[in-house]
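Just need the whole structure built from these sequences, with the hints factored in.
These protein sequences, in sequence, are chains A and B.
Start counting the first sequence at 432; every next residue gets the next number (this note's numbering).
Start counting the second sequence at 432; every next residue gets the next number (this note's numbering).
Be a bit skeptical, because a hint or two may be false.
[Said to hold, decoys possible] 30 angstroms max Cα-Cα, derived DSS-like pairs, lysine-lysine:
1. A/Lys857 / A/Lys530
2. A/Lys769 / B/Lys865
3. A/Lys857 / A/Lys846
4. B/Lys787 / B/Lys769
5. B/Lys769 / A/Lys865
6. A/Lys464 / A/Lys787
7. A/Lys476 / A/Lys795
8. B/Lys769 / B/Lys795
9. A/Lys769 / B/Lys860
10. B/Lys787 / B/Lys476
11. B/Lys860 / B/Lys530
12. B/Lys598 / B/Lys846
13. B/Lys769 / A/Lys857
14. B/Lys857 / A/Lys769
15. A/Lys464 / A/Lys795
16. B/Lys530 / A/Lys860
17. A/Lys787 / A/Lys476
18. B/Lys846 / B/Lys787
By construction, these hints were calculated from the structure, which means they are not laboratory data.
There are 2 protein chains.
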Amino acid sequence: MAENIDLVMQGGTILTLDGELRVLEDQAIAIDKGRILDFFDPREKTWPARRTLDTSGCIVMPGLINAHTHLPMSYFRGLADDLPLQTWLHDFIWPLEAKMLSHAFISQAALHGAAEMIKNGITQIQDMYFNMPAVAEACSRAGLRAIIGEAVLDGKSEPEHATLGNKVLELRQRYADDPLLDFNLAPHSIYACSERTLRRCAEVAAQHGIRLHTHLSETRGEVEDCLREHGLKPVFYLQKLGILELPAVYAHAIWTDPDEIALMAASPASVAVCSDSNLKLASGILPLAQYLELGVNLCFATDGVASNNNLDLLAEMDLTAKLHKAVNNDPAFLPAVKTVQMATLDAARALGVEDKRGSLEIGKDADLCILELSGLESQPVYNPWSHVVYTLGAKQVRDVVIAGEIVLRDGQLTKVDEAELVETAKSWKQLMLKELGQWCS
Amino acid sequence: MAENIDLVMQGGTILTLDGELRVLEDQAIAIDKGRILDFFDPREKTWPARRTLDTSGCIVMPGLINAHTHLPMSYFRGLADDLPLQTWLHDFIWPLEAKMLSHAFISQAALHGAAEMIKNGITQIQDMYFNMPAVAEACSRAGLRAIIGEAVLDGKSEPEHATLGNKVLELRQRYADDPLLDFNLAPHSIYACSERTLRRCAEVAAQHGIRLHTHLSETRGEVEDCLREHGLKPVFYLQKLGILELPAVYAHAIWTDPDEIALMAASPASVAVCSDSNLKLASGILPLAQYLELGVNLCFATDGVASNNNLDLLAEMDLTAKLHKAVNNDPAFLPAVKTVQMATLDAARALGVEDKRGSLEIGKDADLCILELSGLESQPVYNPWSHVVYTLGAKQVRDVVIAGEIVLRDGQLTKVDEAELVETAKSWKQLMLKELGQWCS
Numbered sequence: 432m433a434e435n436i437d438l439v440m441q442g443g444t445i446l447t448l449d450g451e452l453r454v455l456e457d458q459a460i461a462i463d464k465g466r467i468l469d470f471f472d473p474r475e476k477t478w479p480a481r482r483t484l485d486t487s488g489c490i491v492m493p494g495l496i497n498a499h500t501h502l503p504m505s506y507f508r509g510l511a512d513d514l515p516l517q518t519w520l521h522d523f524i525w526p527l528e529a530k531m532l533s534h535a536f537i538s539q540a541a542l543h544g545a546a547e548m549i550k551n552g553i554t555q556i557q558d559m560y561f562n563m564p565a566v567a568e569a570c571s572r573a574g575l576r577a578i579i580g581e582a583v584l585d586g587k588s589e590p591e592h593a594t595l596g597n598k599v600l601e602l603r604q605r606y607a608d609d610p611l612l613d614f615n616l617a618p619h620s621i622y623a624c625s626e627r628t629l630r631r632c633a634e635v636a637a638q639h640g641i642r643l644h645t646h647l648s649e650t651r652g653e654v655e656d657c658l659r660e661h662g663l664k665p666v667f668y669l670q671k672l673g674i675l676e677l678p679a680v681y682a683h684a685i686w687t688d689p690d691e692i693a694l695m696a697a698s699p700a701s702v703a704v705c706s707d708s709n710l711k712l713a714s715g716i717l718p719l720a721q722y723l724e725l726g727v728n729l730c731f732a733t734d735g736v737a738s739n740n741n742l743d744l745l746a747e748m749d750l751t752a753k754l755h756k757a758v759n760n761d762p763a764f765l766p767a768v769k770t771v772q773m774a775t776l777d778a779a780r781a782l783g784v785e786d787k788r789g790s791l792e793i794g795k796d797a798d799l800c801i802l803e804l805s806g807l808e809s810q811p812v813y814n815p816w817s818h819v820v821y822t823l824g825a826k827q828v829r830d831v832v833i834a835g836e837i838v839l840r841d842g843q844l845t846k847v848d849e850a851e852l853v854e855t856a857k858s859w860k861q862l863m864l865k866e867l868g869q870w871c872s
Numbered sequence: 432m433a434e435n436i437d438l439v440m441q442g443g444t445i446l447t448l449d450g451e452l453r454v455l456e457d458q459a460i461a462i463d464k465g466r467i468l469d470f471f472d473p474r475e476k477t478w479p480a481r482r483t484l485d486t487s488g489c490i491v492m493p494g495l496i497n498a499h500t501h502l503p504m505s506y507f508r509g510l511a512d513d514l515p516l517q518t519w520l521h522d523f524i525w526p527l528e529a530k531m532l533s534h535a536f537i538s539q540a541a542l543h544g545a546a547e548m549i550k551n552g553i554t555q556i557q558d559m560y561f562n563m564p565a566v567a568e569a570c571s572r573a574g575l576r577a578i579i580g581e582a583v584l585d586g587k588s589e590p591e592h593a594t595l596g597n598k599v600l601e602l603r604q605r606y607a608d609d610p611l612l613d614f615n616l617a618p619h620s621i622y623a624c625s626e627r628t629l630r631r632c633a634e635v636a637a638q639h640g641i642r643l644h645t646h647l648s649e650t651r652g653e654v655e656d657c658l659r660e661h662g663l664k665p666v667f668y669l670q671k672l673g674i675l676e677l678p679a680v681y682a683h684a685i686w687t688d689p690d691e692i693a694l695m696a697a698s699p700a701s702v703a704v705c706s707d708s709n710l711k712l713a714s715g716i717l718p719l720a721q722y723l724e725l726g727v728n729l730c731f732a733t734d735g736v737a738s739n740n741n742l743d744l745l746a747e748m749d750l751t752a753k754l755h756k757a758v759n760n761d762p763a764f765l766p767a768v769k770t771v772q773m774a775t776l777d778a779a780r781a782l783g784v785e786d787k788r789g790s791l792e793i794g795k796d797a798d799l800c801i802l803e804l805s806g807l808e809s810q811p812v813y814n815p816w817s818h819v820v821y822t823l824g825a826k827q828v829r830d831v832v833i834a835g836e837i838v839l840r841d842g843q844l845t846k847v848d849e850a851e852l853v854e855t856a857k858s859w860k861q862l863m864l865k866e867l868g869q870w871c872s
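As C-alpha cells, then:
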C-alpha cells in the first residue's frame, strides 16, 4: 500500500498561472515533500493524505511574491508620516536606526514582518537590510520563503572589498538544507555606493552566480546627481560598471527615460514596482506602459512598511492596475490577468526561480495563497482574475501554504504566536518613543 | 434612581474630530436615544447602561460617510472589468439594467450594498439610483443611514416636470419618524438631463429646501460636449441654470478648470472624490490641491461597486492621500488628519448634516466606527490618525454603531443574515449570466 502523502487541497477555483492560464474548478491538488505532485478530480481518483484542506468556495492561487522589502523596518510603521523625505530620513529613520539596530531588534522586527507577509498571502520575499543571519532566522521561524540581501553601502569608509560577498556564500552554505532561504547581494544604490564598490559587487556576483538587488532612480534628484557626477544616466552608468549585464531586480525605477528602458529590456533586468511607497513619499509614478511595451519584466513590491504603511501585495496590485489605466488614459490597460501574472510568475522570473515557483504546476514548489469568498463583500464572483485584483484584499486571505506546510490556517499563523509578537512590538515602540521623546499624540 | 441609558462604550483611543481635534485615551462614551450623551472617565464616574461595549485597544472614530454611490449596482461587481467605458456601459451595464431592474433586484442588491457599507465602517451614504422606496427599505433593514436620491434622467422623453420632486416630498413624509433616512434630488448629469429638466430641478430644490446630488465633469468628453452644445464650461452652465447657488454634492469633478473651481468655492458646493473609480475607468485625476486651496469642501466616495470593485472608504482615503502627494510632488500634502476630516466632518458638511454628525460630540448622533488593533499588521501604533489612513483597512473594522444601535459586532452584521445575502447574490448572478450568455470564465 502506498504511503500517505503530505497534503491534499480540495475544491474551489484554482488559478494555475500555467502556460495556458488554466482555471480549474472543483479539482484537487496533491502535495508531497514541499512540491505539487498532482492535480486530480476528487470524484474520479483519491490520494491518501496525512492532511486535507477544504478549499471549496475559495480562490486557490500561487502565493504572492514581494520582490523588494526591508523586513526589519516593521517597528517603524507609521512612526513619522506626511513629512518631507529628508526630514523623515534625517530626523527619524536614520537616527533611530543608528540607536536601535541590535540583533534582537532586527530579528524580532523581521519576525513581525515575516508573519505579516504570510497573513497577506505572500509566500516569498526579497529583502534588503543589515544582519542577514537575524533576518534568515526570522523568516525560517515564520516559515516564509525569502531571498535575503546583504545591503552594501559606503558609509564613512568603503566596505571590505576583499571579503564582499563572503557572507552570502557562507550563509548559502549554512542554509543549504533549508528550502526556504537563499541569499544575494544588495548594493543599496548608485548614490550610496562608490563606483569601486559597485564594480566589486558585479565581479562577485558574476564569479559566484549571485543575483543582485538594488534601488534605482527612485527620485529625480538622484538621476540629476548621477548625470552630474558620472556624466551618464543611471542605467548607462550601471552598464558601464558591469552591473546591467547581470540578473538583477531594480526597485522603483521611476525616473528612467526611453533609452534606459530599452537598455534594461536588452538585459536580464526586472523592475519591482512599489506604487504605494512611490505615491506616499511623492517619489513619482514609473513609466509602466513603456517597460511593458519594450519587454522589461515587472513585478510588485511593498517596499518597507515604514513608507507604505502596510505589507499588502493585493493592495499594490489593485492600486497599480488602476493607477496606470488613468495614467495611460485606457481602462483596458494592465488587465487583471497580467496583474496577477506580475504578482506571481513574473515575480518568480525576476528572482530567477520561475522554474520552481510562480505557478501551480506539477513538480513546482507548493507555495499557495487561498482567498475565501464567503463574505458578502466578495460576492458575486464573475471573473476570478479581476476579483483577485479589484475586489479581494488582505481580509480574504484565509490560508497560506509554503513549501507544502500550512503556515496560515483560517487567518491564524501556525508557526508563531501572534499575540506574543504584538506584545514585543509594543515594547519596542516604548523604547523608541523614549529615544525620540513623546513627539506623537 | 435614574433609568439605564442605552449604551456605554469604554476604552481605546477616541478620535473626536471636534473643533480641537481632541484625542481621548481610555475614556468612555455614554449613548442614549441614538445620541451621544456624555464623555467620561470611567474611573471617576459611571453611567448605568443596558449595554456596554469594550473598545479597549481600539480606535473609536465617527462613522465614515460615503458621499456618492449607487447601492443597487452591487450585483454588477466585477461583471465586466478592464473594458473601455463605452463597451462596459453599452454592452453590459445598460442592457443588464434594462432587463434586470425589478423591485426585487433593486431592494436585494441595495440590501447587499448597505450591509457591505456597514462592514466597511460606513455609517451614512448618499445614494443615486432608481426606485427610492426599494433602496429606502433596504437601508432601513440593514440599519444604514442614507440620503437617497431620486435619479432624474431624460430618456426618450423628458420626465414629468410638473411632478418632479413629489416623490422626494412623499418619501420624506412617509419616513418622517425614521432617523436613518432622508431623500433628495439627483439629476444625473448635465449630459443626461435637458436644460429644462435641470432648471426644474433647481426650482423644486429651492422651493422645498431639497439638496442636490449630481455627476460633474467625470470625463473630458462631457466637458467638450457642454462647451459645444451650451457654449459654456460645465460649472458656468450650472450657474446659468440656477443649480450652482444651491447646496449640492458634485461627484467626480475631475475636468474642472481654475475658473470653475473658483466659482464652486463661492457656492454651497461640495465635491465627492471618487479616486478608485476615476482611476479604474481611466476617467482622470481631479485637481484636489486646487479645490482645497480655493476652499471647496471635499469628501470621499466609493462610487458604485461596479466601477471600483469594492465599497471600502478606508481604501479611498489611503489611495487619495497617497496619490495626491505624488501628483503635487509633496509627501506632506494632504496629511492624515485632513484625510480623516474629509471622510467624516467634511462629508457631513457636504450632506448638510454637520450639526448632527461627522464628529463625536455631546448631542450629536451616535454614529461610530470601531477599528481593532489586535492583529500584528496593526502594530505598533504611533499616530492614530496616520494609522487610520495608511495602515488600517476593512479587515480592522470590528464594530459599527448607527443611531446608537450596534449594527456590526465583532465583524458580524446584527440586523441581517449575511449567509442569506450571499446566497441571494449568487442566485441573481446566475440569472444575469443566463441573460448575457456564459461569457466569463
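Tested hints:
Distance hint between A/Lys857 and A/Lys530 is fulfilled; the C-alpha atoms sit about 17 angstroms from each other, no more than 30 angstroms. Distance check on the hinted pair: A/Lys769 and B/Lys865 sit about 28 angstroms apart at the alpha-carbon level, within 30 angstroms; holds. Only pairs whose Cα atoms come within 30 angstroms are accepted, and A/Lys857 paired with A/Lys846 is accepted, the gap being roughly 20 angstroms. Restraint check for B/Lys787 and B/Lys769: satisfied, since their Cα atoms lie roughly 20 angstroms apart, inside the 30 angstroms limit.
Of the supplied pair hints, the one linking B/Lys769 and A/Lys865 holds, its CA atoms being roughly 28 angstroms apart against a limit of 30 angstroms. Straight-line distance between C-alpha atoms of A/Lys464 and A/Lys787 comes to about 14 angstroms, which keeps the hinted pair within the 30 angstroms bound. A threshold of 30 angstroms between alpha carbons decides the hint, and for A/Lys476 with A/Lys795 the separation of about 21 angstroms falls inside it, so the pair holds. A distance of roughly 21 angstroms separates the Cα atoms of B/Lys769 and B/Lys795; the hinted pair therefore holds under the 30 angstroms criterion.
Taken as a hint, the A/Lys769 and B/Lys860 pair is honoured in the structure, with Cα atoms around 25 angstroms apart against an allowance of 30 angstroms. Among the hinted pairs, B/Lys787 with B/Lys476 is consistent with the structure: their alpha-carbon atoms are about 26 angstroms apart, no more than 30 angstroms. Between B/Lys860 and B/Lys530 the CA atoms are separated by roughly 13 angstroms; this keeps the pair inside 30 angstroms, and the hint holds. Proximity of B/Lys598 to B/Lys846 is assessed by CA-CA distance (about 27 angstroms); at most 30 angstroms being required, the pair is judged to hold.
The hinted pair formed by B/Lys769 and A/Lys857 meets the criterion: a straight-line CA distance of about 27 angstroms does not exceed 30 angstroms. Between the alpha carbons of B/Lys857 and A/Lys769 the distance comes to roughly 27 angstroms, so the proposed pair stays at or under 30 angstroms and holds. A C-alpha spacing of about 11 angstroms is found between A/Lys464 and A/Lys795, which places the hinted pair at or below 30 angstroms, so the restraint holds. Our distance criterion of 30 angstroms between C-alpha atoms is broken by B/Lys530 and A/Lys860, whose separation comes to about 57 angstroms.
Proximity of A/Lys787 to A/Lys476 is assessed by CA-CA distance (about 26 angstroms); at most 30 angstroms being required, the pair is judged to hold. Annotation: proposed proximity of B/Lys846 to B/Lys787 holds, straight-line Cα distance about 24 angstroms (limit 30 angstroms).
Hint compliance for this structure: hint 16 is the single one not met.
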